[in-house]
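Protein chains in written order, with the working numbering: chain B, 1 to 323; chain A, 324 to 759; chain Y, 760 to 1138.
No lab work stands behind these hints, which were simulated from the structure alone. Be a bit skeptical, because a hint or two may be false.
[To be verified] Straight-line alpha carbon distances no greater than 30 Å define the calculated BS3-like cross-link-like pairs of lysine-lysine that follow: (1) A:K681 with Y:K997; (2) Y:K907 with Y:K844; (3) A:K742 with B:K94; (4) B:K318 with Y:K1034.
[As the list claims (entries may be wrong)] Beta-carbon label-pair distances, calculated as ranges: (5) Y:S983 with A:P370: 34 to 44 Å; (6) A:E624 with B:L15: 53 to 63 Å; (7) A:P616 with B:P308: 26 to 36 Å; (8) A:E624 with B:W86: 23 to 33 Å; (9) A:A511 with Y:D1079: 46 to 56 Å; (10) A:S697 with Y:S983: 26 to 36 Å; (11) Y:S1083 with A:G643: 18 to 28 Å; (12) B:D77 with A:S694: 55 to 65 Å; (13) B:V215 with Y:L1025: 24 to 34 Å.
No residue lacks a Cβ here, since even glycine has one placed at the ideal position from N, Cα and C.
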Amino acid sequence: MTIFSIIFYVSIGILLCILYFHLSNLLFDFFSKKYSNESSLRAFIFIAPAFIILLIYILYPVVETVRLSFFDKYGRDFVGISNYIWAIKDPEFKRGILNNLGWLLIVPTLSTFFGLVIANLADRIWWGTIAKSIIFMPMAISFVGAGVIWKFVYDYRGPGDQQIGFLNAIIVSLGFEPQAWITIPIWNNLFLMAIMIWIQTGLAMVIFSAALRGVPKEMLEAARIDGASELKIFTSIIIPYLNQTILVIWTIITIVVLKIFDIILAMTNGQWQTEVLANLMFDWMFRGGGDSGRGSVFAIVIMVAVVPIMILNIYRHKQEEKI
Amino acid sequence: MLKLIKLVLAICVSFVFFNTSANAGGHYTGPDLSGQKITISGPWLAPEDGYMREIAAIFEKATGATVEYGGSDSFEQQIVIDIKAGSPADIAIFPQPGLAADMAAIGGLSPLSNDVKKAVLDNYAAGQSWVDLATYPDQNGNDQFYAIFYKVNVKSLVWYSPDNFADNGYEIPDSMEELIALTRQMAADGNTPWCIGLGSGDATGWPATDWMEDIMLRTHDPSVYDMWVSNEMPFNDPRVLEAMNFFGTFALNDKYVNGGSKAVATTDFRDSPNGLFTSPAECMMHRQASFIPAFFPEGVEAGVDYDFFYFPAYSTKDLGKPVLGGGTLFAATNDNQATMEFLKFLLHPEPNEWWMAKGGFLTPNKNADLSKYSSDTFRKLGEVLTNATTFRFDGSDLMPGAIGAGSFWTGMVDYTNGKSAKDVADAIQASWDAIK
Amino acid sequence: MKKNLLSSFLAQFLLLVFVIVWIIPTFGLFVSSFRDKDLLAISGWWTSLITTQVNEIHRTVNMESQIQENNIYIIKENIFVKNSKKKISSFGITSKNINQFLVKETATLKDGSKLTVYENGDYIWKSQKPFKNKKGRRIFITASSPPKFTFDNYKEVLFKEGVGQAFLNTLTVAIPSTIIPLIICSFFAYALSWMKFFGRDTLLALIIASLVVPLQMSLIPLLSFYNDIGALFNISSKSYPGVWLAHTGFGLASTTFLLRNFIKSLPHEMMEAAKVDGATHYDIFLKIILPLSIPAFASIFILQFLWVWNDLLVGLVFLDQVPSEIIITAKLRELLGSRGENWEILTTGAFVSMTVPLLIFFLLQRYFIRGLVAGSVKG
């Protein structure tokens, strides 16, 4: 496609959208002068597109996925809960759950921890802003791009060859055997998680950085005058003060991690026992003709895992609105 | 004036050219089909679509019919939609038999006549194998012959550097026993015999399935292979385990494979043959299909820097010369005179020889003139095919997608990573049971 | 005081360690994308400034180039095709012993002919009998190759590998997929914060709930929905407008949520006043809310744009994987699969895919961070 047709396509798409709002509102203005009842019909114009899109893209898929999970691989015949029974017996499903659990335990915890430590360090050092920029940068990179970056770091060559992967080069220079990092079962999960931690720490850091500014200066100074060590201040003043923020960040990263997919697809494609639920779902959907019933079961499991966080979110939001 | 001279010259030259080409080889002559039109749809895009149209032009010229070819890279989805909607082209070019069988089962294909079948039996090396691969049950469950193979590839090949063999005094093995002995010899000399790489992105593991299939054909009767592919014989049958362990004697031995067994699953299959061309050589041999030279390093030359030999069979087992390969099938989706004639036309040497001269084309047709191949390498590849006593299609392509493009691949990766053959085969069989 | 200095030093050191660990992977990629591909394949990027030792195989020319001088047959040529900066240190004539001879030494071959190789690649091969070789003889050399940086990788990746086209495709996906939800969500957010209608609270709860619905869940149903629509109108089910709408759908909840929080915080006296003057909601929206919300728009624009640019799954599922539609992340994944260890292609491809996000990141970091913080502290 040429650049011109791209520009053409893009402008048409955007124009149509603007036209809808403008024309419908003008029409409404025109008619509402005759029958004046501003609010509810106007509200309808304002929310209709968004509502329809949400209906099609969020609500309908949720309902449909639930339905499909009870049907056969073509989505035609009702098969009861046999897809679920299959899943429970499937060893890959079990491993997927275990791997997902590992990700959920390790990635949010370490990202939050590193983020907090770095935010705290950087705020007290003159070149802290630059440091923060660098650590935040991975947030802008796609998971696949990050995959390439780290695949390069983990690259493996046979023992006799010159290593071009950074990690193996270090290992070899220390006198050890090079390792094919992403193929060592169980441990390879940690090497994949490292990528996610590398990305998400930046997010935790900037949010903590913003929150740290809210810590009352007097409290810190009072503690310093009392001769408390920096570590002591960190653990007994800053951490308790940031309690809420820690929880929020932990939740955000947990949601991201629960849906982890791209990194594994790019790095191992679920081989060497690194599969997680989202990748299993993708495989069952698209590999070898696909099985929408079994694929949907994985989607439902992910969904169910998110529900508690969802309820917590709505509850918290209601609390805030009240204040 | 100058223009006129040029024009006259051009006409003369083209006339001469025409004449010489007209004198070469046997010509296809067909019935008069003037006014009839056939359409062909297939997966080929440039440059193959151009070749296909030129082949069609030969047919058009001989019969007066018109032929149209349309290529699509989503052919496999498109043909299903078209056949189900009842509006397919007249001829469909299937990249693998599985899809053709599926279409036959829903009544989407027209069976071919017995003389076409006989022509394949008579003219193709290992003719019975080619007929069997194109015979599927129709919608009533009756076996019918549906398609002819045109443009095939060979997998049972071992690539090597003639110079490296000469430097070390190695001979090309004629039997599996000799190949095993040669492998030992190389390791004893301090050379690494094999380069094996299973990496292929999403499809990581498939090169090992080719190994398995080649070994199965060399250790057991072809009927065992067929039972294995159709799962009449379970995947964890001792004969399959035996083949897997045989692959393991090469792939799991750190001395036999470049980079050690750890590197097998992580090395990309496209990069793995590079070891043949490094200084010093990282490996001596590489078993891979006829398409692999496309991935060799820039500037290496066929017949000079590399060559191949047939992945040999056991001399002690009476299994002939089995060849593993793949190929495209032409099947009729509408039954009319011109369509059937076009399929017969493809069995004639002329369309085969024409494409042989272009390269990238192999044919099992014994009547095709081998001297028409574009290079010696292709000629020798063609000989492997025409010398075959048994031909079998890539088994993983014939298995259901969840196995042949799923658990078989991942299973072989697990195997090279240290899992036992028994556990791997059990897991593959379990996944097969799960989709039944 | 001394203790403070020590702790400050410790803090600086610790932070430096973090920074180095965080920057090294990206830096390695960046350096590698400019390295010569042959060097990249055999040496780590950290050695890119020093001379690398390479082993190569070359062939002599064949018998046709021989000349005869005083009954001696001579073949004389240079090993390297074009002027090379490589310096040969040793050579060999069989793969079994690739550095048997130092440069300028003379090797005696089996047939009695003599071969000498010089540092710059010149070689002389002399024989008493005429040469009969149809193919060139192999010479194995060990040479030192000076550092070499090049833009060739970029040329290759952008024009030959189709990454350039994928880059444009991604733009075609990303711009409407950012602007359309922005337009739709701005009206939606306005309605949610300032208009009264039945079911407003439920709708808000629904949006917060959909913030966490896993995207993967929507794929199967939406794809079959798209297929049905495609079959109904006999059009392709995978198209750019389809992806725009999909991204709009998936991004709408979070953009609306962020914007609503912002609009809600605007002083409502202004609106009350406008209303008294007889302005409609549309007027208020266009003339008051929109101009005030520009900083919020900037943040949301960046978040959504980056999200779409970096997305893989939606592009993978809702677009055909053909050159005219494939997006850059999908292309990169394809290259990971098809170009395995051609690191010059992968590193460069990855870097090309990162240019836009990094540009936005460094130019508009402030808005980016503001958006993230707003989204998280509230969300």
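Consistency of the hints with the structure:
About 36 Å separates the Cα atoms of K681 of chain A and K997 of chain Y, which puts this hinted pair outside 30 Å; it is violated. Between K907 of chain Y and K844 of chain Y, the direct Cα distance comes to roughly 10 Å. Compliance with the 30 Å bound is thereby established for this hinted pair. Between K742 of chain A and K94 of chain B the CA atoms are separated by roughly 18 Å; this keeps the pair inside 30 Å, and the hint holds. Distance check on the hinted pair: K318 of chain B and K1034 of chain Y sit about 28 Å apart at the alpha-carbon level, within 30 Å; holds.
For S983 of chain Y and P370 of chain A, the hinted distance range of 34 to 44 Å is satisfied, since their beta carbons lie about 36 Å from each other. Remark: the range hint 53 to 63 Å for E624 of chain A to L15 of chain B is upheld by a beta-carbon distance near 57 Å. Against the hinted window of 26 to 36 Å, the Cβ-Cβ separation of P616 of chain A and P308 of chain B comes to about 57 Å, which falls outside the hint. Checked against the hint of 23 to 33 Å, the C-beta distance between E624 of chain A and W86 of chain B comes to roughly 54 Å, which is inconsistent with it.
Checked against the hint of 46 to 56 Å, the pair A511 of chain A and D1079 of chain Y passes, with Cβ atoms roughly 53 Å apart. At roughly 46 Å, the beta-carbon separation of S697 of chain A and S983 of chain Y lies outside the given 26 to 36 Å, and the hint is violated. Hint check: S1083 of chain Y to G643 of chain A, Cβ distance near 48 Å, so the stated range 18 to 28 Å is violated. Taking the beta carbon of each, D77 of chain B and S694 of chain A are about 58 Å apart, inside 55 to 65 Å as hinted.
Distance hint check for V215 of chain B and L1025 of chain Y: the Cβ-Cβ separation is about 28 Å, which falls inside the suggested range of 24 to 34 Å.
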